[in-house]
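Protein chains: 2
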Amino acid sequence: MHKNQKKGGNVLEKYIYGVDLGGTSVKMGLFDSEGEMLEKWEIVTRKENSGELILPDIAASINEKSKEKGIGTEDVLGIGIGVPGPITEDGRVLKCANLGWGIFSVADKLRELTGVEKVKVGNDANVAALGEQWRGGGRGFKSIVMVTLGTGVGGGVIIDGKILTGKNGAAGEIGHLTVNPKETRLTCGCGKKGCLEQYSSASGLMRIAAEKLKETDRPSTLRQCEQVTGREIFREYEAGDELATEAVEEFAWYLGIGLSHVAAVVDPDAFVIGGGISKNGPSVTEVIKKEYEKNVMFALQNKEFRLAELGNDAGMYGAVRMVLN
Amino acid sequence: MHKNQKKGGNVLEKYIYGVDLGGTSVKMGLFDSEGEMLEKWEIVTRKENSGELILPDIAASINEKSKEKGIGTEDVLGIGIGVPGPITEDGRVLKCANLGWGIFSVADKLRELTGVEKVKVGNDANVAALGEQWRGGGRGFKSIVMVTLGTGVGGGVIIDGKILTGKNGAAGEIGHLTVNPKETRLTCGCGKKGCLEQYSSASGLMRIAAEKLKETDRPSTLRQCEQVTGREIFREYEAGDELATEAVEEFAWYLGIGLSHVAAVVDPDAFVIGGGISKNGPSVTEVIKKEYEKNVMFALQNKEFRLAELGNDAGMYGAVRMVLN
Numbered sequence: 001m002h003k004n005q006k007k008g009g010n011v012l013e014k015y016i017y018g019v020d021l022g023g024t025s026v027k028m029g030l031f032d033s034e035g036e037m038l039e040k041w042e043i044v045t046r047k048e049n050s051g052e053l054i055l056p057d058i059a060a061s062i063n064e065k066s067k068e069k070g071i072g073t074e075d076v077l078g079i080g081i082g083v084p085g086p087i088t089e090d091g092r093v094l095k096c097a098n099l100g101w102g103i104f105s106v107a108d109k110l111r112e113l114t115g116v117e118k119v120k121v122g123n124d125a126n127v128a129a130l131g132e133q134w135r136g137g138g139r140g141f142k143s144i145v146m147v148t149l150g151t152g153v154g155g156g157v158i159i160d161g162k163i164l165t166g167k168n169g170a171a172g173e174i175g176h177l178t179v180n181p182k183e184t185r186l187t188c189g190c191g192k193k194g195c196l197e198q199y200s201s202a203s204g205l206m207r208i209a210a211e212k213l214k215e216t217d218r219p220s221t222l223r224q225c226e227q228v229t230g231r232e233i234f235r236e237y238e239a240g241d242e243l244a245t246e247a248v249e250e251f252a253w254y255l256g257i258g259l260s261h262v263a264a265v266v267d268p269d270a271f272v273i274g275g276g277i278s279k280n281g282p283s284v285t286e287v288i289k290k291e292y293e294k295n296v297m298f299a300l301q302n303k304e305f306r307l308a309e310l311g312n313d314a315g316m317y318g319a320v321r322m323v324l325n
Numbered sequence: 001m002h003k004n005q006k007k008g009g010n011v012l013e014k015y016i017y018g019v020d021l022g023g024t025s026v027k028m029g030l031f032d033s034e035g036e037m038l039e040k041w042e043i044v045t046r047k048e049n050s051g052e053l054i055l056p057d058i059a060a061s062i063n064e065k066s067k068e069k070g071i072g073t074e075d076v077l078g079i080g081i082g083v084p085g086p087i088t089e090d091g092r093v094l095k096c097a098n099l100g101w102g103i104f105s106v107a108d109k110l111r112e113l114t115g116v117e118k119v120k121v122g123n124d125a126n127v128a129a130l131g132e133q134w135r136g137g138g139r140g141f142k143s144i145v146m147v148t149l150g151t152g153v154g155g156g157v158i159i160d161g162k163i164l165t166g167k168n169g170a171a172g173e174i175g176h177l178t179v180n181p182k183e184t185r186l187t188c189g190c191g192k193k194g195c196l197e198q199y200s201s202a203s204g205l206m207r208i209a210a211e212k213l214k215e216t217d218r219p220s221t222l223r224q225c226e227q228v229t230g231r232e233i234f235r236e237y238e239a240g241d242e243l244a245t246e247a248v249e250e251f252a253w254y255l256g257i258g259l260s261h262v263a264a265v266v267d268p269d270a271f272v273i274g275g276g277i278s279k280n281g282p283s284v285t286e287v288i289k290k291e292y293e294k295n296v297m298f299a300l301q302n303k304e305f306r307l308a309e310l311g312n313d314a315g316m317y318g319a320v321r322m323v324l325n
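Here the protein sequences line up with chains A and B, keeping their order. Counting in our numbering, the first sequence runs from 1 upward without gaps. Counting in our numbering, the second sequence runs from 1 upward without gaps.
Treat the hints loosely; a few may be bogus.
One copy or any two copies: either way a pair holds, since identical chains are not told apart in the list.
As the list claims (entries may be wrong) - Derived lysine to aspartate or glutamate pairs resembling EDC-like cross-links, with alpha carbons at most 20 Å apart: (1) 279 to 57; (2) 193 to 293; (3) 212 to 42; (4) 192 to 293; (5) 142 to 160; (6) 67 to 57; (7) 182 to 293; (8) 214 to 226; (9) 162 to 269; (10) 162 to 89; (11) 182 to 250; (12) 142 to 90; (13) 95 to 108; (14) 47 to 57.
Hint data in this document are derived by calculation from the structure and do not stem from the laboratory.
Build the full structure now, drawing on both the sequences and the hints.
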């Protein structure tokens, strides 16, 4: 019997809900007060009507789960939630175009809907970083910077086991480091030119490779691939294909210089690399570290580079950690 | 009568010593427990024999001052000291070439020499940043980044009123941000090429102007100056001289992009600009802010840029603040 289950009708432990709100689905987890995951499930993110159903749906799912498990509101230590937008330290969202949300207090709203007093809200990338630092690839380090290489480039800065939020919730926005001030062509979603995420995201890497394939008729094993995604590019890079190597090195060069900037500001214990690209394994951290080391002063050399380990669960773990902090 | 003076033979208040250790002189201050400066003086930094006299000299000066004022060791709340080298959180210096020091605990040594239990040690740039955040240009902001534009470019990151030290004491080393990865010519003292301090220090600005004067025979009021230092360059820039304007804009362009990197990582409340260059007044912060705004995403725009206010006293104030924190 798990220590959290009822024994003679008495709940022995307290519970925490960890929630990771995404644009398509909401990942939800029930945890014990030690941070062990007891159960996880998903619900759909209903974005209609400016996203006004989202928090009521989450609250209903939590209330239902508590009812099912016989958990009273007084036995819930807290709810943590990661939200895909800028969040202030007191739990207000400052606009979240992706969900249709304007400016309001997510913490107050969720408190009201569930009756749970302690509600902690963070930006989803920051919350995932906290999860990885606590239970994932950053385990054992107090201060890490997590870099998520997916469609875009996300970041989260954890200092002494806590999220660094920043004045406008924009700390760790490393995807928008201007790594190419001379860029004239590529405009980022943020409106600027030369942002890191234009080069070092999965889509950036695909674009770099596609352009190299198109510009010349140099032989490359990539020409035999049905699709040329990050997976194929890294596979052919590992196999020694010259064009794939150039593409990966260009992708890593921008990331290396971006992370050298990050290090000069916060000097973290380690970098944790996550997101779709990180699924290609140790060759990802190796090539990034190689480019990083070229651009940092001696005091910042020999940093640890780790792969993320929690995948899609990182956000739920981080959300729980916010409640426990 | 000051509230800290003896009244009927009893010391009413506790005292703190704030020390700013520089390569030429040591600035020392006696403060009350509210952080008011009661007295300040300087002693010479004796660097002979690998700097082994420095801490005994500081301790002797503190002990003498306490004796003079009738302050017992038990009435000293603590000693804070800023040191020009990388310092770990527990007060060890990790080599300080400038003073001839290797690796040892400054905190332990000073504790032993003075009998004062609480000794706090920080990197001098970080400690000055803390002083400015507490009592200077950063007053009223919780999180600031201080930028010192002197012979080099120094930095200090203050988050929620505390120094961000980093794993190797290298957080805030913004003078070594690689702002020009394409640089082939200028090698920084750190061994890298393209460091911010090659362009945006007082010496960087002087070099930029000197090169522009030498490369062409364009007219410039700078040609009438006996010396062309930062002071003259900013004066002629304010007067509208074209060549001086180009020099200042180049200096500020690199600084603007460097600070845009800093903002994307920590999203501070404000930047505080100090060092010799900052003595040229508001036109310094204005031109830096202008270049900064061009290179940051919307969420990081409209940052506060303030001039430092404490000058050479910043380090002493910050040292005292470390003791009070």
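Alpha-carbon proximity between residue 279 and residue 57, which holds within one copy, between copies, both or neither at 20 Å: neither (32 Å within a copy, 57 Å between copies)
Homomeric proximity label, residue 95 with residue 108: Cα distance no greater than 20 Å: Only inside one copy: residue 95 and residue 108 sit 16 Å apart there, 50 Å across copies, limit 20 Å.
Within, between, both or neither: residue 193, residue 293 at alpha-carbon 20 Å: Classified as between: cross-chain Cα gap 13 Å, same-chain 25 Å, threshold 20 Å.
Homo-oligomer pair classification [residue 293, residue 192; C-alpha up to 20 Å]: Answer is between: at 11 Å across copies they meet the 20 Å cutoff, but 27 Å inside does not.
Copy assignment of residue 182 with residue 250, given that the CA separation must stay at most 20 Å: Answer is both: 16 Å inside a copy and 14 Å across each meet the 20 Å cutoff.
Intra- versus inter-copy proximity for residue 160 and residue 142 (alpha-carbon distance at most 20 Å): Classified as both; 5 Å inside a copy, 17 Å across copies.
Residue 47 and residue 57: within-copy, between-copy, both or neither at 20 Å Cα: within (11 Å within a copy, 68 Å between copies)
Within, between, both or neither: residue 214, residue 226 at alpha-carbon 20 Å: within (15 Å within a copy, 58 Å between copies)
Intra/inter-copy verdict for residue 67 and residue 57 if alpha-carbon distance must be at most 20 Å: within (15 Å within a copy, 70 Å between copies)
Copy assignment of residue 162 with residue 89, given that the CA separation must stay at most 20 Å: For residue 162 and residue 89, both the intra-copy (12 Å) and inter-copy (17 Å) Cα distances are at most 20 Å.
Residue 162 and residue 269: within-copy, between-copy, both or neither at 20 Å Cα: both (14 Å within a copy, 18 Å between copies)
Up to 20 Å CA-CA - residue 293 versus residue 182, copy category: between (23 Å within a copy, 16 Å between copies)
In this structure, the hints that do not hold are numbers 1, 3, in rising order.
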